[in-house]
Amino acid sequence: MQAKSVKYRLGKSYGFQILTYILAFAIVVPLLAILFYIFRAGITRINWHFLVNIPKPVGETGGGIANAIVGSIIIILIAAVIAVPIGIMAGVYLSENRKSRLAYWVRLSTDVLQGVPSIVIGIIAYFWLVKPLRGFSALSGSVALAIMMLPIIVRSTEETLKLLPDSLKEAALALGVPFHRVMFKVIVPVGISGILSGVMLAIARITGETAPLLFTAFGNPYLSVNIAKPMQSLPLLIFNYATSPYTDWLNLAWGASLILLVWVLFLNILTKLLTRKWKVQL
Amino acid sequence: MITRSDLPLRVINSSPEAIAKAKKRIARSFKQIRWENIFNKTLMIMGLIMIILVLGILFTLIVQSLPSIKALGLKYLWGKTWNPVEDIYGAWPFLLGTLLTSFLALIISIPFSIAVAVFLGEYHTKGWVPNFLKNAVELIAAVPSVIYGFWGLAVLVPMVRSFEGHVGADPLGVGIFSSSLILAIMIIPYAASLGRSMITLVPSHLKEAAYGLGATRWEVIRSVILPYTKSGLFAGILLSLGRALGETMAVTMVIGNSSAIPKSIFAPGNTMASVIANEFTEADKPVYLSALIELGLVLFLVTVVINLIGKRVIDRFTND
Amino acid sequence: MESSVIKSRNFNASFGANHVVKNVNIDIPRNHIIAVMGPSGCGKTTYLRCINRMHELIPGANSSGEMLLNEEDVYKMHPIFVRLKIGMVFQRPNPFPNLSIYDNVIAGYKLNGVKLPKAEKDRIVEHSLTRVALWNEVKDSLTKKGSFLSGGQQQRLCIARAVAMEPEVILFDEPTSALDPISTSTVEELFHELKANYTLIVVTHNMQQAARVSDKTAFFFLGELVEYDETKTMFTNPKDNRTQNYITGRFS
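Protein sequences appear in the order of chains A, B and C.
Every letter in the first sequence is one number past the one before it in numbering that gives the first Met the number 0, and letter 24, counting from 1, is 23.
Every letter in the second sequence is one number past the one before it in numbering that gives the first Met the number 0, and letter 308, counting from 1, is 307.
Every letter in the third sequence is one number past the one before it in numbering that gives the first Met the number 0, and letter 99, counting from 1, is 98.
These are calculated hints, taken from the structure and not from any lab test.
A couple of the hints might just be wrong.
Said to hold, decoys possible - List time: in silico DSS-like cross-link candidates among lysine-lysine, alpha-carbon distance up to 30 Å: (1) Lys184/A / Lys75/C; (2) Lys98/A / Lys161/A; (3) Lys284/B / Lys130/A; (4) Lys194/C / Lys21/C; (5) Lys229/B / Lys125/B; (6) Lys238/C / Lys6/C; (7) Lys228/A / Lys130/A; (8) Lys114/C / Lys143/C; (9) Lys184/A / Lys143/C; (10) Lys133/B / Lys271/A; (11) Lys184/A / Lys138/C; (12) Lys184/A / Lys117/C; (13) Lys75/C / Lys22/B; (14) Lys3/A / Lys206/B; (15) Lys168/A / Lys98/A; (16) Lys161/A / Lys133/B; (17) Lys98/A / Lys75/C; (18) Lys74/B / Lys284/B; (19) Lys194/C / Lys20/B; (20) Lys114/C / Lys138/C; (21) Lys23/B / Lys120/C; (22) Lys144/C / Lys271/A; (23) Lys161/A / Lys310/B; (24) Lys138/C / Lys168/A; (25) Lys184/A / Lys22/B; (26) Lys11/A / Lys133/B; (27) Lys271/A / Lys184/A; (28) Lys30/B / Lys20/B; (29) Lys276/A / Lys144/C; (30) Lys262/B / Lys79/B; (31) Lys117/C / Lys138/C.
Unchecked claim - Covered by chain B, per the in silico footprint, the following chain C stretches (three or more residues, Cβ under 8 Å): (32) 78-88; (33) 110-122.
Unchecked claim - Pairwise CB distance ranges (calculated): (34) Glu59/A / Trp34/B: 58 to 66 Å; (35) Arg315/B / Ser146/C: 35 to 43 Å; (36) Val224/A / Lys79/B: 41 to 49 Å.
Positions of the beta carbon are idealized from the N, C-alpha and C atoms, including for glycine.
I would like the entire structure built from these sequences, with the hints used as guidance.
This is the structure we're talking about:
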């Protein structure tokens, strides 16, 4: 029995290294392909006209995505208003109750919620809001998106607060400060960057979501700010127009895709900058 | 200096004003104690909301699936025909479509995910090149799925169509194969980033022991790192699978939306998620809608179980 | 007869099943400096944290017996009121990083939402900082955050913060163990001046410090209060064998 020659083994090691490098960087190819294609297809469509007009009926040229942009902003804002307070407080609860039985189930539920497919959440929002209120509405879409935001915010709040030294809390408590003021005036302000980046992450995540809005916000060819009625949003518009056979609508969808992509990338970069600043501070 | 200690506050200089001020502060403290209790209760309620949400989702799915369960029974799940117009419901085409696309996507993506994980976790952990790759991976995860679908329709599908022409299959372009390709790209980040963090956890003394025995780098990876992180990599793959199963938009746009059982991977099909997305708003009969919800229930249960197993494996791994 | 500001009767404390403070009976006289010393793990810090009810913040912690502040059992009062009368200074200086020096000193009021007129706030800040010999060093940087201060200065800021509340008792949990020798001696000098207005209970693992600063010393060993006497007597003529062994360095 002879050991394989060292030269062979070294060659094999080197070969696998090359293979790893190739496979690893291969993933950049489709990414760049997608980014460049969207950019090229969308950039020609974007102008001021595009941003402030609503889509025109089939056959007429021109038109824009104003209803989708406004709709997206409204739906996301309301989702954040719902999810951020609940998420942060639940995160505070978990960071203060590491070992209690209830906290175990809360943590488990948060993990379960994170894995629920977005279309299922859309179904739930449909039965909880659309059916009782007898109609599609932006509000039901916001609720669906809020449910998706919650696990992200809860987890990142909990992780942020766990990293803060106990002595901070103790110093405040030893001054006779009641617990809620310790939280609001000391703990949360010191950890605000971490909490905020969790919120931004959640927003970035739901900005591009379509499935939960399919049967909740439903879409609207007109610009509406009525949250009790159907509303258009960027991903919904892209989905509807991209799968249509009309060139005008396809063009709108490309422009909208570029806007959505830039928006999501911008949010992600913002989150990264915020996280980096927080890490330096602590 | 006269002090009084019978108040819950120390009052130096027992003038009437000082005592009155102290009494006001005491009253405020009592009020704050009440607020403190309300706050603690509120925190607990917020935590409870998470539990209520999950239970509510399960409950709603079950209740809304009941009509279909009652009318069609369990054999709905392996029924081979889906024809709502004639009231024939069979979920097997969608179960098959989901399994095919997800596992195909997994198989395609795993070599790339592991390569990225090994590259970032072992070969090059610091520097601007790995940073570039790390950002690229995060970018892949950040792109919305509807954009993947749109690009898939515009670019991938024509490419697949000509490919199919060459191999003699029906040149449709859309189908199981295309959606598996798109899905594969989308799920790479999950196994890759989890795998990378697992690999960085391998204690250096184990690696050094192997090097000390004259092992090459690849041998250290193969015989020390990969076995050590086996469960972590497995968890990452599970997480990728969970993501693939639930993915809706990109798949819906590229899979061809056919309710027949796909005859080959180049044929069009449907997944559970895509059929719900397509037909939910058109389901005009209660059993029709309920059958779709039942698919949602199956999706929910499967993805939840997979995610929980994955998380449990990770927890056990990081606590060892 | 001196009055005792703090008295413990049959006081016990534990973490779950771990009984760390056993049957402590002690009378702490007003306006004295009491050192609490003993080897690591003897329960001295736990006992200290029971006085202002910080011990119970740890899940699974409990206690029994009487802990009296001016003849009133602190365990029958709401913890907030206890802590308004008993302040605490911790081992590591912990000024609030998001507050300025000025706000740190009056943090006890500010965080409680007590609104004081500016003149009153200024008076309290200057008074407290002067008491801890920090006023001259920081009076021009009151609006800055305290992160530029040295460890010793930060610890004195924390003492000022406690003093600003005008408590009756101030608890010190190894206050100089994280400080350099010069800062340590500055803080120790402070103790003598603070004695006039407050009662100080100082936990220390440094015997020499106990001998230097305190009037009376309590020696804890394995959770029990072994000996409690005038400091001079304890160090020259200890009554218990264990005290003798500790002082002569047989164990630490």
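Hint check results:
no. : hint                            : result
1   : Lys184/A / Lys75/C              : holds, 27 Å
2   : Lys98/A / Lys161/A              : holds, 13 Å
3   : Lys284/B / Lys130/A             : holds, 15 Å
4   : Lys194/C / Lys21/C              : holds, 29 Å
5   : Lys229/B / Lys125/B             : holds, 23 Å
6   : Lys238/C / Lys6/C               : holds, 22 Å
7   : Lys228/A / Lys130/A             : holds, 13 Å
8   : Lys114/C / Lys143/C             : holds, 21 Å
9   : Lys184/A / Lys143/C             : holds, 18 Å
10  : Lys133/B / Lys271/A             : holds, 12 Å
11  : Lys184/A / Lys138/C             : holds, 24 Å
12  : Lys184/A / Lys117/C             : holds, 20 Å
13  : Lys75/C / Lys22/B               : holds, 20 Å
14  : Lys3/A / Lys206/B               : holds, 21 Å
15  : Lys168/A / Lys98/A              : holds, 18 Å
16  : Lys161/A / Lys133/B             : holds, 26 Å
17  : Lys98/A / Lys75/C               : holds, 27 Å
18  : Lys74/B / Lys284/B              : holds, 20 Å
19  : Lys194/C / Lys20/B              : holds, 26 Å
20  : Lys114/C / Lys138/C             : holds, 22 Å
21  : Lys23/B / Lys120/C              : holds, 17 Å
22  : Lys144/C / Lys271/A             : holds, 26 Å
23  : Lys161/A / Lys310/B             : holds, 19 Å
24  : Lys138/C / Lys168/A             : holds, 27 Å
25  : Lys184/A / Lys22/B              : holds, 24 Å
26  : Lys11/A / Lys133/B              : holds, 26 Å
27  : Lys271/A / Lys184/A             : holds, 26 Å
28  : Lys30/B / Lys20/B               : holds, 16 Å
29  : Lys276/A / Lys144/C             : holds, 18 Å
30  : Lys262/B / Lys79/B              : holds, 13 Å
31  : Lys117/C / Lys138/C             : holds, 16 Å
32  : 78-88                           : holds (count 4)
33  : 110-122                         : holds (count 3)
34  : Glu59/A / Trp34/B: 58 to 66 Å   : holds, 60 Å
35  : Arg315/B / Ser146/C: 35 to 43 Å : holds, 40 Å
36  : Val224/A / Lys79/B: 41 to 49 Å  : holds, 48 Å
Checked against the numbered hints listed earlier, the structure breaks none of them; every hint is satisfied.
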